[in-house]
Amino acid sequence: MILTEEEKAMRDGAEGPAVAAAMDLLIRYGDALGAQRLCDTRNVAGTSTQPSPLKAKLVAEGGWHKAFAVLNLDCDDPVEIPDMRVPTCQLQQGFGPDSAGVVPYPKEFVELQSDAEAFYGRRGVNILATCTPYQVGNLPVRGEHCAWMESSAVVYCNSVLGARTNCEGGTSTGAASLTGKIPCWGNHLAENRFGTHHIRVESGVRDFLDWGMLGYFAGELVQDQRPVVTGEFTRPDLVDLKHFGAAAASSGGVELYHLPGITPEAPTVEAAFDGPVPDAVVYGPRERRAIYEKLNDQGRSTDVDFVLLGCPHASIDQIRAAARALDGRRLHSGTQLWIMAPRALKAVADRSGYTAVIEKAGGKLLADSCPAMSRVAPPGTKVFATDSAKQAHYLPAILGIEAWFGSLEDCVDAAVTGRWRGGLR
Amino acid sequence: MITLRGRTVVRGVVEGEALVSHETISGWGGIDPATGTIIERRHELCGVCFTGKILVFPGAKGSSGWSGFFQSTRLLGTAPAGMIFTVTTTKAALGAVVTRVPTLSDLDQDPVAVIRTGDHLRLDADRGIVEITRG
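Protein chains in written order, with the UniProt record's numbering: chain A, 1 to 425; chain B, 1 to 135.
Don't take every hint at face value.
What the hints assert, rightly or not - Taking beta-carbon pairs under 10 Å as the criterion, some of the chain A residues facing chain B (in silico):
| hint | residue |
| --- | --- |
| 1 | L25 |
| 2 | L33 |
| 3 | Q36 |
| 4 | R37 |
| 5 | S99 |
| 6 | S114 |
| 7 | D115 |
| 8 | G170 |
| 9 | T173 |
| 10 | G186 |
| 11 | L189 |
| 12 | N192 |
| 13 | A347 |
| 14 | P378 |
| 15 | A397 |
| 16 | I398 |
These are calculated hints, taken from the structure and not from any lab test.
As the structure is a computational prediction, the values presented were derived from the model and not from experiment.
All C-beta atoms, glycine included, are put in the ideal place defined by N, C-alpha and C.
The following block holds chain A by itself, in its conformation from the complex (with noise of 0.2 Å):
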């Protein structure tokens, strides 16, 4: 790989030694790419503060300092943690204190993930404790390196924002935020940002739901390549995209897709693609079905006493959207809800009187985490229902429970009824 005057003064220590030991771990992951160079980022995304017991033993050896030599920079020497060189935050976490009580998260973790939030916040590590950091304030511009952690955050960054990121890792996000720099391959590099494959939608997709189908169909269809969609779909808004990617991601492993005429790359379907157009792959009735049927083979008994809602982290759109169909109902009494939403929204559902609309009806209104991160759900659990097809692919393996997927309609009947009746229309 070919560095810099800068970078190689920061490899050979005149930044310090974490800088140096940042350096050295690019160096060779970049060198196990094949990357040709370096490139500069000012925009990080990567984990942190999340708990563990591994994070635990590192820290009871040797500080919050040993914890992120070894866990961000893969770095054996008991180097001095120095601010971040560029903005970085963190993102979602396991659930904090105001969860204690509420969900069943050991407490040791909780008191680990607020030292390590006091820790990274002095270093310049911004709490923003959510995987949707672009509904909160982290928004890079069209074209900027970034170096992201997070697949659903990943997909939103490169497809809806334009913005370019890999896939990246603890370790690297880490030497990214020290450094400024990540290795410029992959998505960051023009040549690899157009399209692979041609899904026409003829199924007509209308709504949130459907959106999340067609991501799960994109996904398994292309697997970490590039979706290029046209066909039938009313415009899709944020929520729509974000759902769409986040299923994509999940399902296949997508990093970048394309909606011509509405994401930026993609003026047109001829933009969309390094030459011919390809012959499409239709999303029809019969295909539409059978995502729908996928999505929904891990689900037997119908008593459902786990609702999930808010994955990736619900916008305040959707908060509001919950709240309205939650107004003057009441959850059975066998079944909890939980919403999840970055604490930043969190904040503006309390100002606007959301929260306590759901909170009346018997639900939860949760910051900073999710099930699949925290690795927990309401005691004794064995079915759940969800509207986000990233946690029906996900959870069922993680916490060995069934899972129904469907509209939040339908999630919303789950809750107050006790039983699952949604259905495909």
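With chain A held as given, fit chain B onto it using these hints.
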């Protein structure tokens, strides 16, 4: 003996037994670092331990936590002895780097098709060569 040539991802030389996965592997949610075992329910190797084996697989899938989970296998003493994968992605490349085991990619034949579980491998990632002796 069969010899494959590839691109060095992480340098080093190791000998050991091959464990071949025909399916891509998830890190977060797909492996248990404490035991070095694949735990993804529908995976062909569900319940199989990769500790000390040379893991041969098509590539990485799933969460960006991939590298962190494989780094944890090194820190917990359950890591594979080496890796050979077909498709280079950021997850697999960074995962191999922080697992710090000899690793090759971009081989001249599909390693998942050529190598069988139980084969004895000599993985020379310094020279970009893997020598396969049928087990």
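Consistency of the hints with the structure:
| no. | hint | in the structure |
| --- | --- | --- |
| 1 | L25 | holds (7 Å) |
| 2 | L33 | holds (5 Å) |
| 3 | Q36 | violated (14 Å) |
| 4 | R37 | violated (16 Å) |
| 5 | S99 | violated (21 Å) |
| 6 | S114 | violated (21 Å) |
| 7 | D115 | violated (19 Å) |
| 8 | G170 | holds (4 Å) |
| 9 | T173 | holds (9 Å) |
| 10 | G186 | holds (6 Å) |
| 11 | L189 | violated (13 Å) |
| 12 | N192 | violated (12 Å) |
| 13 | A347 | violated (27 Å) |
| 14 | P378 | violated (20 Å) |
| 15 | A397 | holds (5 Å) |
| 16 | I398 | holds (6 Å) |
Checked against the numbered hints above, the structure violates hints 3, 4, 5, 6, 7, 11, 12, 13 and 14; every other hint is satisfied.
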